[in-house]
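Given next are the chains, with one letter for each unit.
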Amino acid sequence: MTIQVLAWQALSGLSVGMVLFLIAAGLSIIFGALNVLNLAHGSIYMVGAFICYSLTSTFAHLAGVFWWTLILAPIATALLGGLIEIVLLRRIYAQEMLYQYILTFGLILILGELCKLVWGVGYNTVAVPWPLTGSVSIMALPFPAYNLFLIGCGIAVFVGLWAFMRYTGLGQIIRAVTHNREMVNALGINVPRVYTGVFMLGCWLAGLAGTLMPPMSVVALGADMEVIIGCFVIVVIGGLGSLPGAFIGSVILGLLTAFGIFVAPRLAVAFGFILMIIILLVRPWGLMGKPE
Amino acid sequence: MILEVQGLTKSFGGLHAVHDVHFGIEERELSAIIGPNGAGKTTLFNLLTGHMRPDAGRVIFKGTDITGRAPHKICRAGIGRSFQRLNIFPRLTTFENIQVAVFSTQGKGSNLLSSAETMVREETEAVLDGVGLQKKKRVRAGLLSHGDQKRLEIGIALASQPELLLLDEPTAGMSPSETVETTELIRKLVKERGLALIFVEHDMNVVFGISDKIKVMHQGMIMFEGTPEEVRGNEEVQRVYLGGKKK
Amino acid sequence: MKEFLKADGKRRRLWFGAPVVFVLLPIFIGEGWLSLFTEMMILALAACALNLMLGYAGMVSFGPAGLYAVGAYATAIFLKKAGLPFVLAMAAGPVAAGIVGAVVGWLCVRRTAVYFALLTLAFAQIIWTIVFEWYGFTGGDNGIVGIPVPAFLMSITHYYYFTLVLVVTALTLLWRIGNSPFGKILQAIRENPGRTEFVGIHVRRYQLYAFILSSAFLGLAGSLFCAFSRSVFPGYAHWIKSTDMLVVCLLGGIHNFAGPIVGSVVYLYVSKLISSYTMYWMLFLGIIVVLLVLYMRGGIMGYLSEKFLSERGELQEKGAGEKA
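Protein chains in written order, with my numbering: chain A, 20 to 311; chain B, 1016 to 1262; chain C, 116 to 439.
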């Protein structure tokens, strides 16, 4: 086990982690402000991935098509999110957790089947966009440049979001809503519109993840299920409702899975769940969350 | 003495909710605790019933130290309690509300196979009778009037067959007629069942009407303790709480 | 028996009629339907087991399928790998699930509400991972197939009767537990855990008992399904299967003992029906689930009992009017 291999594994784990971070960040922000555990968040991600595939394959002859998709696809998923929030989600904010869970599960089924209807059951690929097609030499081992770009994106989005939450008026409103709904309402701010905005932001993040992932992997049905549980793990470890928590959680999960393979190759997947259990038993509000 | 409280103290982040409280309660004694909001009355109750752990001090019940024990154990030791915010089982019927408490008292909780409907009827009916809810026993508790729900709460506390009953604002939110009924009920409970009873109240008519002893709390401490006449006559109490009015 | 003798004529016909119908069923319907009925019975048992926690004790679990799979795999392994007698293997299911439930439950009840639910989810996923990856023991993602079952149970009709007897017995037990003092205390815990604590109940311990009982019955359902399909797969433990069970309970109504039973019949029937028409049947299932949560939270039994109560109310008013 050389340092190079370790570094390579770490970076590999991080690139997956960053994609998960984008989805988990959305999930966490949505839970923080709306108090809803959106099981269908992985489905939004999958829709984003399919849209990425469609746009890049349909307009493959255009130069820089991937970069255009990177801008357009998340907007599409954000709009989809807005639609879902207005039509469905609003009605269950006052409901108990069980009903929210089941409703968003119904959404998974609906969105999943709609994807099946439109895009079929096959595997689809998206080419790595120029100029990231090569590899970068990390300690004399080649590492895909695109994956590095992914890690960079994740960090950039985290910093951007954090700054947005902290320093902009809208970000502060979102944080206020997370802490005290009624107060914000009493201040004359249109809370329902804030909720819609927050949900759209979360879906935008999921769509971004869905667009960034395909060059690294494949676009296929079932991505929603694969991803959502990992996001739950992240959000629990980091703290429900905490953005820095989602980031730390993603890094931890990414590294845990990448290195877990050395320790117990087949049970590495379970490490995340074990950590999740430990956190829930010892410090349920997560590493960065606040106890109620 | 059935209850002895020594040096009970509880702080929340530097604020003394309850500070060095000492008092004793005799058997069959009807005591009231009064004081402005935030004086620490409910916190005191919480310390007595194990819902909070004191930072210092002891609670001795019937000669045994019960400080910091778990609530269900304190209940089993013989202390019953009603709560400030309504604490009943809304979707169970009035009958079932009491029945559950009786099951617990009689240790029938481990019975998994008998039909609950026909069990402990007598004891449950007796308690229902005691709080005057016999006619409403088939009604879902959540649908009862506020006054009835409060009485149901007292009934649930009674079903645990306590020797000391703690009532937290038993007449809160009640109409004048309901208040009179409840006051009578409390008086009857002490007389007929030989309970010791401590209640927190804001309605001074009730307090001065039935208490043997009154404790006045202010800022976490008991600033005065005495019979109703003594309390009425005390100038400091008048100033702090009674607003100078004499009743 | 007392209830049977007390009941009026209409009820008596139902009480006597129902068992007769079930016993004579195989004469009238084909094997395909019998097979479906058997599946319904097994799902009904699993759902009622879950509802002991969900509807009675108010404990929302996201991972019942984990315990169900423990039962199924225990029976599968006992039968196929260890070649043990059938009765022993069937008993192993609920026993293994009960033991796992005791360990998992002891940890899970330390938390409540959303944290409890997430804990159950995490444990179920660990079970799924073990089952999925431990190729040597559990067959990994291939599962275990060709599980040997006594010859006389190979026939669908015979297995129907076998399941009928076991499920009816188990459901009767669950019914009695629900109506016992223990069951009432569970309901009180659901309504107000704090108050229940202060009538002298160690709430956490009762929640653990509910968890263990629920797990054991889930394990029995798993064993039954294992012997029914003669195969087990990791999917039995997946969180999707768990959510299916939750949907079944909600569909039928969680505040009624018969709710999960009704839910499983309707759920399986409707899924089979829709999937025979279209390969996108999950889309319709999703729509049904969404409509269920939005408009019929009490489930089918909740809806029916509201209707029945309001009709009864009208009759009583009429009666009073006539007397006056």
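Where hints are given, some of them may not hold.
Restraint ranges, calculated between C-beta atoms of paired labels, are given here [as the list claims (entries may be wrong)]:
{"id": "1", "chain 1": "B", "residue 1": "Glu1251", "chain 2": "A", "residue 2": "His198", "range": "52 to 60 Å"}
{"id": "2", "chain 1": "A", "residue 1": "Arg109", "chain 2": "C", "residue 2": "Phe143", "range": "47 to 55 Å"}
{"id": "3", "chain 1": "B", "residue 1": "Asp1070", "chain 2": "C", "residue 2": "Thr284", "range": "40 to 48 Å"}
{"id": "4", "chain 1": "A", "residue 1": "Val106", "chain 2": "C", "residue 2": "Ser150", "range": "35 to 43 Å"}
{"id": "5", "chain 1": "C", "residue 1": "Gly309", "chain 2": "A", "residue 2": "Gly141", "range": "52 to 60 Å"}
{"id": "6", "chain 1": "B", "residue 1": "Pro1105", "chain 2": "C", "residue 2": "Ile402", "range": "48 to 56 Å"}
{"id": "7", "chain 1": "A", "residue 1": "Leu98", "chain 2": "B", "residue 2": "Lys1088", "range": "55 to 63 Å"}
{"id": "8", "chain 1": "A", "residue 1": "Arg109", "chain 2": "C", "residue 2": "Ser270", "range": "48 to 56 Å"}
{"id": "9", "chain 1": "B", "residue 1": "Glu1019", "chain 2": "A", "residue 2": "Met116", "range": "52 to 60 Å"}
{"id": "10", "chain 1": "A", "residue 1": "Tyr118", "chain 2": "B", "residue 2": "Pro1105", "range": "14 to 22 Å"}
Treat the hints as calculated values from the structure; they're not laboratory data. For every residue, glycine included, the Cβ atom is placed at its ideal position computed from N, Cα and C.
Structure-based check of each hint:
1. B:Glu1251 x A:His198: 52 to 60 Å: Between B:Glu1251 and A:His198, where Cβ atoms are some 41 Å apart, the hint is violated.
2. A:Arg109 x C:Phe143: 47 to 55 Å: holds (49 Å)
3. B:Asp1070 x C:Thr284: 40 to 48 Å: violated (55 Å)
4. A:Val106 x C:Ser150: 35 to 43 Å: holds (39 Å)
5. C:Gly309 x A:Gly141: 52 to 60 Å: Once the Cβ atoms are compared, 54 Å apart, the range 52 to 60 Å for A:Gly141 and C:Gly309 holds.
6. B:Pro1105 x C:Ile402: 48 to 56 Å: violated (32 Å)
7. A:Leu98 x B:Lys1088: 55 to 63 Å: Between A:Leu98 and B:Lys1088, where Cβ atoms are some 57 Å apart, the hint holds.
8. A:Arg109 x C:Ser270: 48 to 56 Å: holds (53 Å)
9. B:Glu1019 x A:Met116: 52 to 60 Å: violated (44 Å)
10. A:Tyr118 x B:Pro1105: 14 to 22 Å: holds (18 Å)
Of the hints listed earlier, those the structure fails to meet are numbers 1, 3, 6, 9, in rising order.
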